[in-house]
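Student: The chain contents come next:
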Amino acid sequence: MRQFGAFIRKEFFHILRDRRTMLIVLVMPVVLIILFGFALSTEVRNVNVAILAPEPDDMTRRIVERIDASEYFTVVRWLDTPTEIHETLRAGEAQLVVAFGQHFSGNLFSPDGSQMQLVVDASDANMARSYISYAGGIIADFSREMAAGTGTSAQEGISSSVQFLYNPQMKSAYHFVPGIMGLIMMLICAMMTSISIVREKEMGTMEVLLVSPVRPIYIVVSKMVPYFVISCINLITILLLSVFVLGVPVAGSLLSLCLVSLLYIVTNLSLGLLISTMANMQVIALMISGLVLMVPTMILSGMIFPIESIPRVLQFVSYILPPTWYIAAVRKLMIQGLPWIFAWKETVILLAMTIVLIATSLKQLKHRLE
Amino acid sequence: MEREIVIHTEELTKRFGNFTAVDRISFDVYKGEVFGFLGANGAGKTTAMRMLCGLSRPTSGTGTVAGYDISRQYEKIKSSIGYMSQKFSLYEDLKVWENIRLYAGIYGMKDKEIERKTAELLERLHFTRERNAMVRSLPLGWKQKLAFSVSIFHDPAIVFLDEPTGGVDPYTRRQFWEMIYEAADRGITVFVTTHYMDEAEYCDRVSIMVDGRIDALDTPANLKAQFGAESMDEVFRSLARKAERSE
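First to last, the protein sequences are chains A and B.
Residue numbers for the first sequence follow my numbering, so the first one is 1 and each next one is one higher.
Residue numbers for the second sequence follow my numbering, so the first one is 1 and each next one is one higher.
One or more of the hints may lead you astray.
Claimed, not checked - Sample of chain B residues lacking proximity to chain A, with all beta carbon distances greater than 12 Å (derived):
id, residue
1, 28
2, 103
3, 122
Stated by the list, open to error - Partial list, derived from the structure: chain B residues whose beta carbon lies under 10 Å from chain A:
id, residue
4, 106
5, 112
6, 115
7, 119
8, 230
None of these hints come from the bench; they were simulated from the model.
We treat Cβ as the ideally placed atom computed from N, Cα and C, and that holds for glycine.
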């Protein structure tokens, strides 16, 4: 136990004296949260719109005003001819063009109805789809009011009302926060632990430790303790930032969220241990954690893109990534506010992964020492 | 007078698959002796030393280190030996005294004792002013001296030195060897590997490994007489020439 204490003290010194790493480890979560929370938002806001109205009149003006008044769109330009549609989109002056058909107002109450076209810059397909649905919504609202005002029954029948559960303001932060939690914890635990163990191999100090009477498991566990502490600090930072800066509340039980997070931290610490048994140089450890962990996590874990829309083959990769399950659990516990029982599957899978990782890495460690 | 044996091996062998790294070596090392363990790269020195340190188990043959069996009591061996490698083995980002405390703590020494011996050691090395200096900031020669002192801080029965003077200037090497003699005088057996043949002359006895076997073992004077050589360097070269395997 005395040996263990001496070791943990040494590990804290290593980390506390390496200012640069310290800074990265503590500031990275803050930067990522702010980046993803504000800059990388997928929300529709102030999208530039151009209008083509061959016969501008009161009716078209009222629709345009309605579009312009919404927080989603800003009307920047009125076009004169259809050929200008492509020009404006190509020049990037507007991302959406609303084109009214001939005799728009006149045909409004005719049996065929009047025509309107939405032309969108779909180079970003997801955003384009959002523009269309937002613009379509505004126009549908307008025509429903018109119909009600004039007493026609054309728009009656089915009226659907939409309710956005768990994220009523459709904020993208709700989507990103669990993802960032999954990513940061993985980076800090897995990457930093593996690098710090491999550094001892590279420096030659590991040899001296192995010749000493310290049991290898102590060496390894004492490496994990400081990073466990740092991860807990990060967890607190992220939660505070997301609640007070991004306005994402912890809808469910804080306790169950923290317990699942602690489990996930341990999963990643053992992942870092496994990496350290495979690599002999810090660069290699960094590459493994960067390429094998970070990139797939960002793309395949459901952090940004839904897993369902990933090709089948890659979905298997998703399922073996620990962050996939953690992020899913956090969405349930933190965003949807479900009781823990609804995240039992994720918890069990994370637990199983942890056990397998620890067993494999201890076996590897023993094997390497022989 | 019968001298006390601290390392004893009989037919000690280590095979990796078809490759016999260490081939039935048998030798004794006496207490308080400075024992030179020589051999070209790939001759099996490191493998043999790893077995003696309890890091790897022999394929066949037996051996005892400090009275403990190397195949079974290797954990006990680890507490009775010190080790210093060619790679610098202290932590650069820890202070001088923190390094000492860490290693002393690893060997289970008590805080009081650590404190007393640390003061003593720093005094002896004239390092008292550098007590709080980061090891990173010390010159290489000082670091090596400190590393050696740390490796014998817990008064081990035997200290294993794996090419301890690599990259150190001749003057510091000289000083380093004085420290080795001091340790031997205190009864610590020194088991040292080296590439420098002039250092081989400083050893009480020298063994030379060729292709996994010990081809010669005696005092430097006897070896030179036996091979009709002027220096240990000549002895080493005439033996190394017979080697069939290279690195």
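Student: Taking the closest Cβ pair, is residue 115 of chain B under 10 Å from chain A?
Tutor: violated, 14 Å
Student: Hint check: is the beta carbon of residue 106 of chain B less than 10 Å from a beta carbon of chain A?
Tutor: Holds. Min distance 5 Å.
Student: Given residue 119 of chain B was flagged as interface, is its beta-carbon under 10 Å from a beta-carbon of chain A?
Tutor: violated, 19 Å
Student: Given a cut of 10 Å on the nearest C-beta pair, is the interface hint for residue 112 of chain B held or broken against chain A?
Tutor: violated, 13 Å
Student: Against chain A, does residue 103 of chain B hold up as non-interface, every C-beta pair farther apart than 12 Å?
Tutor: violated, 8 Å
Student: Looking at residue 28 of chain B again, its CB stays over 12 Å from all of chain A?
Tutor: holds, 22 Å
Student: Does the claim that residue 122 of chain B lies off the interface hold, with its Cβ farther than 12 Å from every Cβ of chain A?
Tutor: Residue 122 of chain B clear of chain A: closest Cβ-Cβ about 19 Å, beyond 12 Å.
Student: Hold the hint about residue 230 of chain B up to the distance rule: shortest CB distance to chain A must be less than 10 Å.
Tutor: violated, 36 Å
In the structure shown, a violation is registered for the earlier hints numbered 2, 5, 6, 7 and 8, in ascending order.
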